[in-house]
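In the order they appear, the protein sequences are chains A and B.
Going by the working numbering, the residue at position 30 of the first sequence is 30; the numbering climbs one at a time, nothing skipped.
Going by the working numbering, the residue at position 43 of the second sequence is 43; the numbering climbs one at a time, nothing skipped.
FYI, nobody ran anything at the bench for these hints, they're computed from the structure.
A hint or two may mislead.
DSSO-like, lysine-lysine: derived pairs with alpha carbons at most 27 angstroms apart [unchecked claim]:
1. Lys-170(A) with Lys-273(B)
2. Lys-279(B) with Lys-198(A)
3. Lys-270(B) with Lys-170(A)
4. Lys-99(B) with Lys-170(A)
5. Lys-67(B) with Lys-137(B)
6. Lys-273(B) with Lys-94(A)
7. Lys-94(A) with Lys-270(B)
8. Lys-198(A) with Lys-273(B)
9. Lys-214(A) with Lys-94(A)
10. Lys-170(A) with Lys-279(B)
11. Lys-67(B) with Lys-47(B)
12. Lys-10(B) with Lys-137(B)
13. Lys-270(B) with Lys-198(A)
14. Lys-99(B) with Lys-67(B)
Treat the numbers as computed from the prediction; the structure is a model and nothing was measured.
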Amino acid sequence: MSEPTSIYADNNATTAVAPEVAAAMQPFLGPEFYNPSSMYEPAQGVAEAVGRARQTVADFLGGVTPREVVFTSCATESNNMAIFGVAAAVPARKHIVTSAVEHPAVLEVCKEMQRRGYEVTYLGVDRHGRLSTADYVRALRPDTLLVSLMHANNETGVVWPVGDWARIAKETDPGIVFHTDATQSAGKLSLDLTGELKHVDLLSFSGHKMHAPKGVGALFMRRGTPLRPYMLGGHQEESRRGGTENVPYIAALARACELAREHEADMPRIAKLRDWLQEELSRRITHLEVNGLGVERTPNTLHVSCHFIEGEAMLYDLNRYGIYASTGSACSSGSLEPSHVLQALGVPFTALHGSIRFSFSAYTTEAEVRRIAEVFPEVVANLRKMSPYWDQKNNLPRETGPA
Amino acid sequence: MAWQYSDKTKQIFMDAVQGKPGTHLGEIENPDGEGQHGSIVCGDAIKFTFRVERNEDPLKDVIVEAKYLTFGCTSAIAASEALCTLIEGRGLTPIEALKITNQDIVDFLEGLPQQKVHCSVMGAEALEGAVVDWAQKRGVDLAAQGVRLTGAGADEDEGRVVCKCYGITEPYLRRKVKELNLRTIEDIVSALKAGGMCGACRYAPGGLQDILNETWGAGEPAPTTVAAAPVAEGEMSPFQLYRKIEQVIDETVRPVLQSDGGDIELVDIKGWKVYCSLKGACASCMGAARTLQLIVERSLKDQVDERIQVVPI
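Let the hints inform the model, and build the full structure from the sequences given.
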């Protein structure tokens with residue numbers, strides 16, 4: 001078997017645009033350029049294409065009503081729209097429940113809400129990323145406006161029972177709006193907003209995590225959800241999000257949703273590759289922590305922390321072998337602080353900076369994963385040879401290193 | 001869904017459907033006044049016609065016959081029938097007939113469910129349309145007679161469409177919100193249907209909530225539904241209530257579950273909501289949620305308070 005030249009294992013960051021998706025965009029980058037709001041016939045064809053795309057996305061979300069789907073530019077926009085929009089519509093309530101491990105697109109918005117006088121409860125997680133339902137229940141208050149809890153975590157892949165939490169919120173008080181950021185689960189887990197997720201009011205996701213290009217996302221908005229739009233200026237999206245429709249990208253998102261349903265059937269294979277790599281790395285590398293161990297995770301994500309070495313150095317070395325992955329270490333983020341997710345998980349400080357995330361897609365092959373299993377232990381061993389915290393002679397952590 | 005109609009509403013509906021003498025289903029040929037309201041798209045519509053006994057002075061025309069064709073539910077038909085009964089053969093001139101309001105129709109029907117108030121509004125709107133039609137045919141200048149139109153047909157109601165599903169304009173909404181004393185979005189949906197289909201106009205800028213706020217002021221914070229369990233005289237304090245709930249779970253519920261190898265954890269209590277999770281053998285049982293609902297809720301309702309609701313977690 002020939003060695004792959006480059007291995008892309010960073011699909012939680014973004015994905016390759018699928019050829020089918022690129023093809024679906026083409027007509028709208030060419031002859032079908034019209035504004036869907038225009039009255040003449042060719043423009044009406046474009047409007048119909050947007051309508052079909054909306055239907056496809058609605059089907060992808062478990063057969064919701066197409067008008068419950070609002071196209072946006074990305075999941076960050078969807079999250080902003082959800083949180084700011086609900087707050088603007090229901091000014092009487094001033095409390096938000098979220099978690100300490102949300103994506104910045106939720107976390108930063110919640111911090112801004114605090115500056116605007118809201119109270120925010122940031123629920124913590126245990127060592128493997130689980131959030132206690134009892135903690136969640138206790139956090140709900142009579143003035144709770146909104147719950148925003150992610151479906152799957154971008155770093156660890158840990159999946160949360162948001163369907164059940166949404167039910168609990170509604171049984172506590174139907175006035176509580178439940179939002180979930182499903183950016184990391186869309187395309188990997190089924191999103192059934194008429195079944196398992198039927199109590200969820202708002203759900204955000206993005207195209208580029210599921211083989212559409214960057215620059216398109218959607219917000220599912222259940223009928224009747226109080227939400228005041230903030231992107232004003234046009235009647236598009238039922239006046240809930242003004243701006244001429246990004247038709248090629250909307251067509252791309254719809255095609256990606258169709259593709260995702262095909263890829264869903266492939267997810268057990270991906271999960272098997274992930275589980276195999278997890279076992280292989282655990283066997284070959286000592287002092288390795290698997291984050292999210294024994295917890296339901298998205299099938300494509302493996303997140304590990306290696307004691308006594310630094311993540312960015314690992315990435316750099318992997319790069320030499322053409323392997324592309326991601327780390328939550330401080331050096332890579334530009335903020336000098338390790339990822340808030342790893343801190344919330346309570347990863348031991350000796351491993352906090354040595355984290356790496358491999359994330360696969362339906363296009364990942366067994367040969368690629370085997371290659372990672374071969375290369376990564378070497379990378380770790382090499383870096384440990386250089387680490388002042390590692391006893392090279394005995395291949396063990398040193399008892400005393402630089403403080 | 002079974003609506004709570006008054007006996008009178010039900011009777012009027014039955015009589016109308018069976019075409020009993022004295023009912024008004026039908027259409028007058030060459031009517032002196034004809035008014036319509038609603039559309040098939042909106043789910044209900046009325047066509048209302050009347051005939052007058054003409055006088056040399058059109059202002060002394062008297063309505064002698066009124067009929068309707070209505071597409072709609074029980075209360076839409078009953079409201080149409082009520083409208084005709086209130087108008088016909090009472091010696092009313094068309095201008096006098098305008099004094100009949102939707103509230104008169106509601107009173108005649110001995111009340112309408114909140115969700116059905118729009119049926120009576122529909123009748124009043126159709127009446128006004130018919131009077132306008134009559135005035136045109138008879139060359140009466142309604143404005144000169146001091147008549148201020150209030151329905152959807154009034155000129156002043158042309159304006160920005162707020163509810164696109166039902167084609168309802170901003171001036172009309174603003175006027176009706178005041179006239180009918182509509183205080184919440186639910187009130188508007190019930191009375192005017194605006195915002196009742198897709199709901200996109202409810203919280204949109206310039207939408208229903210804004211119109212309500214501008215009319216009545218932003219108002220007091222909306223009451224929330226989870227209040228602490230209210231303590232009336234002679235009732236338990238929250239502390240006593242929680243103690244009692246715990247006691248019932250410990251003494252009645254837990255032993256039953258434990259006999260099946262399970263257990264129960266009381267996680268939280270908010271107002272009348274009791275949050276429990278099942279542990280052990282019960283947790284994996286398919287009927288777990290139902291077990292909780294049946295055993296726990298029944299026990300707590302019987303032994304503590306009927307208002308208690310169990311939320312399984």
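Here is how each hint holds up against the structure:
no.	hint	verdict
1	Lys-170(A) with Lys-273(B)	holds (12 angstroms)
2	Lys-279(B) with Lys-198(A)	holds (25 angstroms)
3	Lys-270(B) with Lys-170(A)	holds (13 angstroms)
4	Lys-99(B) with Lys-170(A)	violated (45 angstroms)
5	Lys-67(B) with Lys-137(B)	holds (18 angstroms)
6	Lys-273(B) with Lys-94(A)	holds (22 angstroms)
7	Lys-94(A) with Lys-270(B)	holds (18 angstroms)
8	Lys-198(A) with Lys-273(B)	holds (21 angstroms)
9	Lys-214(A) with Lys-94(A)	violated (34 angstroms)
10	Lys-170(A) with Lys-279(B)	holds (23 angstroms)
11	Lys-67(B) with Lys-47(B)	holds (8 angstroms)
12	Lys-10(B) with Lys-137(B)	violated (36 angstroms)
13	Lys-270(B) with Lys-198(A)	holds (24 angstroms)
14	Lys-99(B) with Lys-67(B)	holds (18 angstroms)
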